[in-house]
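Just so you know, the protein sequences line up as chains A and B, in that order. Anchor point for the first sequence: position 187 equals 186 in numbering that gives the first Met the number 0, and the numbering is continuous, going up by one each time. Anchor point for the second sequence: position 9 equals 8 in numbering that gives the first Met the number 0, and the numbering is continuous, going up by one each time.
No lab work stands behind these hints: they were computed from the structure. Please note that a few of the clues may not be correct.
As the list claims (entries may be wrong) - Examples of chain B residues toward chain A, derived with CB under 7 Å: (1) Ile-20; (2) Ala-110; (3) Pro-131; (4) Leu-133; (5) Met-161; (6) Asp-168; (7) Leu-176; (8) Val-178; (9) Ala-198.
Claimed, not checked - In silico BS3-like cross-links for lysine-lysine, where the CA-CA straight-line distance does not exceed 25 Å: (10) Lys-127(B) x Lys-101(B); (11) Lys-2(B) x Lys-127(A); (12) Lys-101(A) x Lys-127(A); (13) Lys-101(A) x Lys-127(B).
Backbone N, C-alpha and C define an ideal beta-carbon position, used for all residues, glycine too.
There are 2 protein chains.
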Amino acid sequence: MPKKVDHEARRLEISEALWRIAGTRGLDSVSLRDVAAEADISLGRLQHYFHSRDEMLLFALRHGNRLADQRIRAHIEALTEEPSPRTVLRTCLSTMLPLDEKSRTGLLVAASYFTRAVHDETLRAEAKDGIPQLRALFTDQLRAAAERGDLAPDRATEEEAMLLISLVDGLSAYVLLDVHTPEQALRLLDLHLTNLFDAKERHADH
Amino acid sequence: MPKKVDHEARRLEISEALWRIAGTRGLDSVSLRDVAAEADISLGRLQHYFHSRDEMLLFALRHGNRLADQRIRAHIEALTEEPSPRTVLRTCLSTMLPLDEKSRTGLLVAASYFTRAVHDETLRAEAKDGIPQLRALFTDQLRAAAERGDLAPDRATEEEAMLLISLVDGLSAYVLLDVHTPEQALRLLDLHLTNLFDAKERHADH
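Here chain A stands alone, though its shape is the one from the complex:
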């Protein structure tokens, strides 16, 4: 294996050890030593790949974000030939909820990272990195829905897209805390989408 590919593969293996810890007891007080033990390598070996806890967390977070993007894309590609903008939106948003172990673990890594990011500008930039693209994607879908007559045109805005993103973030936190079951969170998301899209029907038909 070329040296660079091998280096990346080792870093992914270590990330997976970190994720296993995140999924079972959380990362709150996890040290490089704990992760080395979980990955079954020495601390010195781990430090060859990651120089600090933050560097390791950052790598694991980026890896998790890539996996989440892939999950969203795979769910969209699995849809029927011509999914409506509303279906695309719901698919993306529900994939962001912790409905299975993988997305749950991804959110736990992100949450571990969150409290550090609040106090560190570099980490914060990374944590919010994907949000503008997500907002643009959702705004596009809302506009496409309005063009088809599925949504009131005045609801096809960046602000409505940010409401959707913020709501899913809050719903996810409450699933992790067992306030909502995953099913309840999905029903609440569907209620919000029904309110959003039905406003148009009410406006036009009643």
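The hints should help you fit chain B onto chain A, whose structure is shown.
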């Protein structure tokens, strides 16, 4: 000072030291020793009041929740004589957003606590402790609004109350990450409330 009152007063002083750390660099890797240093007491003295980091975090979280309740109540009492249910709702919800240093710090303590609570049933029970009361309060306000004809009756539900709580939680997280300014979060909250209450007008008038 009676001994019990003194004990409680000392615990509050230590909590305030913890809160100062939460507001500046976060609690992610904060030890009892760090808090003792910030409170300007010895570690042994601190351990006289708190036997573990979790006990200290729990006390500080409960204290913070009490302060947040007091802030909400003070804001409601400052309203004009007969505030509408919609005004009461907006006042409660906006007080839950990190619009000033105190609520920001309170949310940071809660966030520090969050990742531990996900993996610990006792801590989780505490973290979600206030949510049923909040849901009941908001559901009551929605029902009162519907009775006055300010809200479509089918929107006066526990589910709409949970959407409001979940949304404010997500908006708050994004303010802490600098995705939204506090003003933008407040505008998004107002957009959601307008959508909620205007659905009725659209239904009835157009």
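Verification of the hints:
{"no.": "1", "hint": "Ile-20", "verdict": "violated, 10 Å"}
{"no.": "2", "hint": "Ala-110", "verdict": "holds, 5 Å"}
{"no.": "3", "hint": "Pro-131", "verdict": "violated, 9 Å"}
{"no.": "4", "hint": "Leu-133", "verdict": "violated, 11 Å"}
{"no.": "5", "hint": "Met-161", "verdict": "holds, 6 Å"}
{"no.": "6", "hint": "Asp-168", "verdict": "holds, 4 Å"}
{"no.": "7", "hint": "Leu-176", "verdict": "holds, 5 Å"}
{"no.": "8", "hint": "Val-178", "verdict": "holds, 5 Å"}
{"no.": "9", "hint": "Ala-198", "verdict": "holds, 6 Å"}
{"no.": "10", "hint": "Lys-127(B) x Lys-101(B)", "verdict": "holds, 20 Å"}
{"no.": "11", "hint": "Lys-2(B) x Lys-127(A)", "verdict": "violated, 48 Å"}
{"no.": "12", "hint": "Lys-101(A) x Lys-127(A)", "verdict": "holds, 20 Å"}
{"no.": "13", "hint": "Lys-101(A) x Lys-127(B)", "verdict": "holds, 24 Å"}
Checked against the numbered hints above, the structure violates hints 1, 3, 4, 11; every other hint is satisfied.
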